[in-house]
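Enquirer: Chains as they are written, first to last, in the working numbering: chain A, 1 to 369; chain B, 1 to 369; chain C, 1 to 369; chain D, 1 to 369.
Everything labelled a hint here was simulated from the structure, so no lab data went into it.
Do not take every clue at face value.
One copy or any two copies: either way a pair holds, since identical chains are not told apart in the list.
To be verified - Computed cross-link-like contacts, EDC-like style, restricted to lysine to aspartate or glutamate with a CA-CA straight-line distance of at most 20 angstroms: (1) 21 with 66; (2) 198 with 259; (3) 49 with 315.
Number of protein chains: 4
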Amino acid sequence: MAGSSFGTIFKITTWGESHGKALGVVIDGCPAGLELCEDDIQQYLNRRKPGTSNITTPRKEDDSVEILSGVFEGRTTGTPISLLVRNTSQKSGDYSEIASYYRPGHADYTFDQKYGFRDYRGGGRSSGRETIGRVAAGAVAAKILKQLGITVFAYTRSIGPVQADMEHFDRDAVLNTPTAMPDRTANEKAIAYLEETKQATDSVGGCMECIVKGLPSGIGDPVFEKLDANLAKAIMSVGAVKAVEIGDGCAVSERKGSENNDAFLISDGQVKKATNHAGGILGGISDGSTICIRAHVKPTPSIYRTQSTVNKSGEEISVNIKGRHDPVIVPRAVVVMECMTALTVLDAMMINMSARLDSLVSFYNPGKK
Amino acid sequence: MAGSSFGTIFKITTWGESHGKALGVVIDGCPAGLELCEDDIQQYLNRRKPGTSNITTPRKEDDSVEILSGVFEGRTTGTPISLLVRNTSQKSGDYSEIASYYRPGHADYTFDQKYGFRDYRGGGRSSGRETIGRVAAGAVAAKILKQLGITVFAYTRSIGPVQADMEHFDRDAVLNTPTAMPDRTANEKAIAYLEETKQATDSVGGCMECIVKGLPSGIGDPVFEKLDANLAKAIMSVGAVKAVEIGDGCAVSERKGSENNDAFLISDGQVKKATNHAGGILGGISDGSTICIRAHVKPTPSIYRTQSTVNKSGEEISVNIKGRHDPVIVPRAVVVMECMTALTVLDAMMINMSARLDSLVSFYNPGKK
Amino acid sequence: MAGSSFGTIFKITTWGESHGKALGVVIDGCPAGLELCEDDIQQYLNRRKPGTSNITTPRKEDDSVEILSGVFEGRTTGTPISLLVRNTSQKSGDYSEIASYYRPGHADYTFDQKYGFRDYRGGGRSSGRETIGRVAAGAVAAKILKQLGITVFAYTRSIGPVQADMEHFDRDAVLNTPTAMPDRTANEKAIAYLEETKQATDSVGGCMECIVKGLPSGIGDPVFEKLDANLAKAIMSVGAVKAVEIGDGCAVSERKGSENNDAFLISDGQVKKATNHAGGILGGISDGSTICIRAHVKPTPSIYRTQSTVNKSGEEISVNIKGRHDPVIVPRAVVVMECMTALTVLDAMMINMSARLDSLVSFYNPGKK
Amino acid sequence: MAGSSFGTIFKITTWGESHGKALGVVIDGCPAGLELCEDDIQQYLNRRKPGTSNITTPRKEDDSVEILSGVFEGRTTGTPISLLVRNTSQKSGDYSEIASYYRPGHADYTFDQKYGFRDYRGGGRSSGRETIGRVAAGAVAAKILKQLGITVFAYTRSIGPVQADMEHFDRDAVLNTPTAMPDRTANEKAIAYLEETKQATDSVGGCMECIVKGLPSGIGDPVFEKLDANLAKAIMSVGAVKAVEIGDGCAVSERKGSENNDAFLISDGQVKKATNHAGGILGGISDGSTICIRAHVKPTPSIYRTQSTVNKSGEEISVNIKGRHDPVIVPRAVVVMECMTALTVLDAMMINMSARLDSLVSFYNPGKK
């Protein structure tokens, strides 16, 4: 099981390597009747494109999506939607040297150990380009969620030591700054910091956050299919993510119960919570408040300086990895986090439709009392 | 999908509520030929029992396991192993009052929203007693892993502000102190801190850690079924866990690439790493070094003081939750984390057996060259 | 994967061997709010009990079911329903001899080959008693279907050469004759034939049929999850079934298109079909007419005469299998077929709820136009 | 869940409609190290092409496959293999008329009922062209099975009343006659019969059979994942199949136990069976003899004569379906049956690798005694 499928009802299967002919995704279980065109998807893919600023790789990736099936007369038919992005600007020549050794911090060694050999061109299947399929599918999930009154939105929380100030949250900045930070001042500082880091032939990590607004209570399941458990898997499955927090996350381990409990109250005749330390999930099930997930991303492992490693003949060697690399991964990963969250939430909502007998009865036997 | 199954090949299905007749688990896909008796499982269940010290709930839970199927003449047969633990000392009377309102920090409200009503006795399915099935199944997984040369071991890293000193790791202390800390000095401090917390009618959170030693490289899959992604789901699915870290976890977001990369080297003729910031996983696949996972656990939501909440009639009320509660969840959750890790790792190993064509050929057609 | 789970949303996991301590099933994903008590299930289990006539085994199986979880105040809670049946009258002594050899027509040899050894007592997991879990779970599915206006009903179509006359279908006879035939005359003939067969120390096969009435159109999926494909798997998974037919089944292979096509027509303002050769399924999806499935069951392999086989030492031997056996399996398998059909249909209905975007919108965002 | 995935470890996901841009399949879980090129797959696709004789549709389908991912330097990498076939000769104009009504025997009505509308061009997703993905994936599975010493081979057993004489089985004839019958005399007769049928503006059904040779004993699981249950699902999921038989199939329902049991014997020091009524499967697990499956296929529903049906406005109408249709489906479905069988068997073999503890120990801890 190479493990390239995600979801139970709204199920996606991604495929493709960084330097193969193409990458893509098959979305199975998309409800029929959604208006969908290439542009809906292209807008999301554009957000993960590099080359739009100094702080991302100068590689040009002209990722243009084609819908091959599942849409007829502008609407989804309920059958699988196959999405294709051709690889156009990948040059395999850049990577031939790394075939002989294992780059520190990359999956070269573990792929070789698992499969006996690997596609060494640009990381192959473990390249960041693998996320193209996730983003293309996530764009479709997000479009459906919007029709259900739900928005999913991710942004950069910090880059190295530079934190975004959440007091002045500026959503527009997320989509229009190179750092995807919701704070233009922090964006400037982060850019300066990244320039410095590049000068020092280094890279840096960062933190990203995703919020879901409008999700009704009752979504997610007890025990193993908790909404937070599935979100944790979804986000941890994104390359370079090393930690996932829900709500106040790690902070809870030093906190008192009296501080951490969210009191219930009534507001506008509705049950609400006075605070949201829980991040919108109690016992694995959404409570109607904003879902909040945070992910910590490691620094780009490819850096422009000499590193120690071993080659395939079992010799210790020093290497200088060539190529063009992002000094930080986070700004381009933000849309991936957003898409994985949308996919997880939508699938949980579809599964939830049969949780109550009376829902089944209304659906199939509405005349019955 | 109530979501009570976990795993693909080694698949478990748990069931039971805190105040029902019994709780249990069905293990499907356990290999045939394992020597197994009730005591193998009972030892693990005893580690999650309360009532063994001042700092856990004084509730007595005499959880005694019965093997109902899948074992013949002392060995597993390959067919489902059904394990049963009868509820004996649960008194429903203690809980009748909470039927009418939603306890802050608990799943009462979300269950009602999802299902239309709930088993309000002691949390029902969202009670900590739900983990009995996980632990019983994990004991079986751990026994198999041992035969494969792999040990899984979890412990308390911190309770509130009290950190275990990892320099003087004492494995024996984990199994024999009330806090499950690997450091007897910290254990003493934590007990004092917990006594204080109880006095103050409060509770506190903590952090637990699990390590896996002896796991070969090559386990886990790229993309969605990454080993770390499945571990994140497994651990986040344990009630009260709000954050999961792999290796250096959250710390990577403030780190440089030059600090965070683990250099490969040769030691005893084998590929090893100079450091293990990655926590034993690269690109979702084990790299042969120690796997390290950390989880942050929120404070017990039930505390002995007045809290604000709402009742089922939509009125704001003040409540004092009765019952007997642990001032901290971590020491009893440690064995649950260990078991979820064992289940995840074993399943990934079973799935991995067909990753290479030559493994299939050796298995089924050994004569072929 | 021992393969003891069935279904995607309404998912059951069965366990237990013929001579273990108990057998049972866990039902996960049952909607909350269904009134359920032991008697609902017991009625179905009673239909598969032996010992109620001359033509079934004289073994007494007093199968009494206990609900261990998932029901609170008389209604399902949405959490797993664990059902238990203790083995009470199984005597292992009867079976010890067969440990050393492989009974023709049984799974003894294949279990040994797969697992390295087997529970030889009465067939172990491959015993007909394995179906207890299927029937207990199917009783719950059938109760839900009833509330959706759907009935599932199975009966014996033929025993050896004796065919039921479907012109005079008598549903009452199915539940009240030893053969479960819907025709009292055929029932008499079949009993006589079975007596004769027993006298001749032989056994005989038969055919059973299941119909589903009231199923709306649109249930089932194209391609691999066709409703008929899942029914075929469900029914073929019942021990001793060797063929499954949908609608006119095998007969279609000698038929002309002009004879086999079902013309659509309008009746009472509804789309109906003039005939139902298709058995209610077109392209894997229900068409609103009666679903009709037929299964062919092999003769009981245990017969009271000398047979040739081999023992575990690889020697050819002659054996006389002792024990008490049914001369025909069909009458007791009818309720199993009915239950597997109910489980398959209900799961398909639950999955179908999100097939259209407008269903999702009505469910979650009813105010939206 | 549109249900376009098949398999657990060796998992395929197909996509595409008859008149969309393309059709294809993603194979996930293919072992690394298999030599694979487009021609391996093209050979199988060519077997399902129409237009090679008088008795298939004169439509030209120039189905040329492209490997988009998962193969590097001529070998599979263990990551998903994406296969693409562009639709080139489909003319949507031919089909526009059928948009307004429901063709008898087709899935038009049920798709509309399920999804609210449908891609009416040539059947859309329910077209026979959907099988392109199955065949492309099956070619890969068959190539792996060959390396394990296993052959899967399907052929036409009968067309209408014309039966192949199995006494003179001619494998070459299957691949080189228009009927795919293993008997050249029957082939001639069937062609004459089909010409006659076409003249009479009618179509006819038929029967196909698939055998698996070389499969070791022990493959398949007890209970729900029986090898025969999964084969039944796999084959019944092929459009137009209405019945599946294993071994002697339907015939067993009129047979005595003494006739139907296969006696075990020793031959060349190996356990064998004197007969193979069971079709190579006992208790859901392979017994080492030849697996034999039979499928009954309905007549092509599209025929060149006036039929009664209803239109989308709910009026009864008479229609003459235009287009180019096969007078019989079987000869082109034979390779689909072969491929579905190969996929099922290979997946079962991969799952089986962890059935015994000693297999796990040999694989992961070979030094252990």
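Enquirer: Please go over all the hints and tell whether each is borne out by the structure.
Expert: For each hint, the structure was consulted:
no. : hint         : result
1   : 21 with 66   : both (14 angstroms within a copy, 10 angstroms between copies)
2   : 198 with 259 : between (42 angstroms within a copy, 15 angstroms between copies)
3   : 49 with 315  : neither (37 angstroms within a copy, 51 angstroms between copies)
Checked against the numbered hints given earlier, this structure breaks only hint 3.
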